[in-house]
Amino acid sequence: MVFLLGVSLPDHKPVKYALTSFYGIGRITAEAICARLSFHDTLKIQDLTETQLTRLSQILNGMTLESDLKRDVQKNIARYVQIRSYKGLRHSAGLPVHGQRTRTNAKTAKKLNRITRRYSTFITCAPRSAAMLLERITFPFLSILKKTG
Amino acid sequence: MFLSCIESSIFRTTIQSTLKQCLCVSHAKRKFMSVRMIASDAKAGVTPSSQRESEPIAASNLLHHNTPKPTPLKIGAYDAKHDWSSTKNGCVFSIPKSAYEKLDTMGSITTQKKPFSFFDKPALLQRNITSTIVDILQRRTEFNSRDARYIIDGEPGSGRSVALIQAQLYAFQQPNILLLAVNNCDFWTNSTSAYEFEENSQQWIQPNLTASFLKPILEVNGNLLKKMALSNIPSDTPSALQNVSHLHDLLSIGVKNTTAAPAVLKLFFQQLQQLHLVDNAPVQILLTVDNLSIFTVPTRYKDPENKPIHPFNFQFINMIMEFLSGKRYFEHGTVLAATSSRPQVSTPSLNQALGKKAPNPYANLDDRVLQTLKEVNVLQSEPYSLEEARALMTYFVEANVCLESLDKHQQNYVLSGGNPRQFFHVCTSLT
Chain A
1 MVFLLGVSLP
11 DHKPVKYALT
21 SFYGIGRITA
31 EAICARLSFH
41 DTLKIQDLTE
51 TQLTRLSQIL
61 NGMTLESDLK
71 RDVQKNIARY
81 VQIRSYKGLR
91 HSAGLPVHGQ
101 RTRTNAKTAK
111 KLNRITRRYS
121 TFITCAPRSA
131 AMLLERITFP
141 FLSILKKTG
Chain B
1 MFLSCIESSI
11 FRTTIQSTLK
21 QCLCVSHAKR
31 KFMSVRMIAS
41 DAKAGVTPSS
51 QRESEPIAAS
61 NLLHHNTPKP
71 TPLKIGAYDA
81 KHDWSSTKNG
91 CVFSIPKSAY
101 EKLDTMGSIT
111 TQKKPFSFFD
121 KPALLQRNIT
131 STIVDILQRR
141 TEFNSRDARY
151 IIDGEPGSGR
161 SVALIQAQLY
171 AFQQPNILLL
181 AVNNCDFWTN
191 STSAYEFEEN
201 SQQWIQPNLT
211 ASFLKPILEV
221 NGNLLKKMAL
231 SNIPSDTPSA
241 LQNVSHLHDL
251 LSIGVKNTTA
261 APAVLKLFFQ
271 QLQQLHLVDN
281 APVQILLTVD
291 NLSIFTVPTR
301 YKDPENKPIH
311 PFNFQFINMI
321 MEFLSGKRYF
331 EHGTVLAATS
341 SRPQVSTPSL
351 NQALGKKAPN
361 PYANLDDRVL
371 QTLKEVNVLQ
381 SEPYSLEEAR
391 ALMTYFVEAN
401 VCLESLDKHQ
411 QNYVLSGGNP
421 RQFFHVCTSL
431 T
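Chains as they are written, first to last, in UniProt numbering: chain A, 1 to 149; chain B, 1 to 431.
Honestly, the hints are just simulated from the structure, not real lab data.
For glycine and all other residues, C-beta sits at the position ideal for the given N, C-alpha and C.
Some clues are possibly wrong.
Label-pair distances were calculated between CB atoms; the ranges are [claimed, not checked]: (1) A:Thr51 to B:Gln174: 44 to 50 Å; (2) A:Lys13 to B:Asn313: 55 to 61 Å; (3) A:Arg117 to B:Gln371: 54 to 60 Å.
Distance condition first, Cα-Cα at most 30 Å in a straight line; then the derived BS3-like pairs of lysine-lysine [claimed, not checked]: (4) B:Lys256 to A:Lys44; (5) B:Lys408 to B:Lys88; (6) A:Lys70 to A:Lys110; (7) B:Lys327 to B:Lys307; (8) A:Lys16 to B:Lys121; (9) B:Lys374 to B:Lys307; (10) A:Lys44 to B:Lys307; (11) A:Lys13 to B:Lys256; (12) B:Lys327 to B:Lys374; (13) B:Lys88 to B:Lys114; (14) B:Lys215 to B:Lys227; (15) B:Lys408 to B:Lys374; (16) B:Lys215 to B:Lys121; (17) A:Lys75 to A:Lys44; (18) A:Lys13 to B:Lys307; (19) B:Lys97 to B:Lys226; (20) B:Lys374 to B:Lys357; (21) B:Lys97 to A:Lys44.
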């Protein structure tokens, strides 16, 4: 097991698939990273040398991943809400943002779209309306507290 | 009960004649059924006739019943005195264990191992293309490889790789032929081995694969390499290789140290371009390349901009193609390459270069491939003739690999269309 930026990468996995374990790196980005570092397709995590690991860490440090990326997404959503844009209103209401139908379906949006957006449908919590109501009440106070430091 | 009933001689004779009429068995089948008249004959003192002898018979006799036995095929042995002349075309020759092991070391028989496993001794059929290649190799003792660049082309399963194997077998016979065989061409392009960019030569190198290429050359040609000394070493050669005396020592360094393998390969090919004399005879170089097709399409390796790397940008592939194009040449040598359909790739540039397709100004072709293969001679690997099919089927029947009779050779020839691979499948299929 190799720990890189807080994520454990299994030894037996090829590098270009192991990199997709990071939040913020998909298949295309992983292939681009491997091409940049001249890693062949079947190079496994356990076969990486120290030099290669160092170069990989340098590249990953230069990218926005994991919690930094999640924080950026939250900030963007909060900005939409604060300026009371259409997208912000849709996030607040827990409804689809990109023009999808709401007469039927829209289940994913109703589960995940929040002011503080969730990232998984497997999380169980309080009923939608109660959680959203709590967020709407507490969000203005939280934003004021952040501004005042 | 039945045996007790036939104790009396008269009743027994009647029963026997009745059995003969009812069963209507021929001589061979009766034998196969192995019916015994034991106790009654012994008691009566009647000697059993030859027709009542119960002998277990092998299935082959039953299957080949009423068909004339094929004339035993004389399978020649491949040895130092093997006759490669065209008079022996259509003859099957077996490969001894020593040559088989050399071929296996070189990696030349990877796809042929499965068909060879059917037989006690692997054997090959000598064909027209074999004698053509041997003629070329025999004539090459006085000319450089610039005039001896050949590509063997043909339909899938037509025997291109086997023609290369036969050329290699000829090379094993000759003491002064140095064999360089490139057989795992797809490994050089399918992004399964480490690769890195060399700033000096502005080319991509593959150290592990280079070392794996040098190793079988060292094992198969060890004795000859020990007699070939280095000379005129370029000044840009790494210092570790400057003081090497013979090519055998040079290749040993490349095999043991993978990081030095690319430099060793570069020096090795530079040395082979010079004239070498062993026992007052020039050393002839035979370079065989199986699956040339994969070198004419973009590789699966990617450059830092995530674009596929052209195969000619790799040091090894570039060297091989330079020998094939005539840009580099051996003082005495031949370059033989064979196209392949495994793995199946689309090769528009190669097809254009070999003249298989009419020139298409709108097709997106690779100029580098076209320029490289512009003036290479093409040898066509033809399907079997009927006589070759008969000779081969005779061998299959003799080896108990084919369960059909020899007169089916024409049927199998038609079914397979003369294609060697299909002919083997048709002859050896059980349905």
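Verification of the supplied hints:
no. : hint                             : verdict
1   : A:Thr51 to B:Gln174: 44 to 50 Å  : 47 Å, holds
2   : A:Lys13 to B:Asn313: 55 to 61 Å  : 29 Å, violated
3   : A:Arg117 to B:Gln371: 54 to 60 Å : 57 Å, holds
4   : B:Lys256 to A:Lys44              : 23 Å, holds
5   : B:Lys408 to B:Lys88              : 24 Å, holds
6   : A:Lys70 to A:Lys110              : 19 Å, holds
7   : B:Lys327 to B:Lys307             : 27 Å, holds
8   : A:Lys16 to B:Lys121              : 45 Å, violated
9   : B:Lys374 to B:Lys307             : 27 Å, holds
10  : A:Lys44 to B:Lys307              : 21 Å, holds
11  : A:Lys13 to B:Lys256              : 28 Å, holds
12  : B:Lys327 to B:Lys374             : 12 Å, holds
13  : B:Lys88 to B:Lys114              : 26 Å, holds
14  : B:Lys215 to B:Lys227             : 18 Å, holds
15  : B:Lys408 to B:Lys374             : 44 Å, violated
16  : B:Lys215 to B:Lys121             : 27 Å, holds
17  : A:Lys75 to A:Lys44               : 36 Å, violated
18  : A:Lys13 to B:Lys307              : 23 Å, holds
19  : B:Lys97 to B:Lys226              : 24 Å, holds
20  : B:Lys374 to B:Lys357             : 14 Å, holds
21  : B:Lys97 to A:Lys44               : 38 Å, violated
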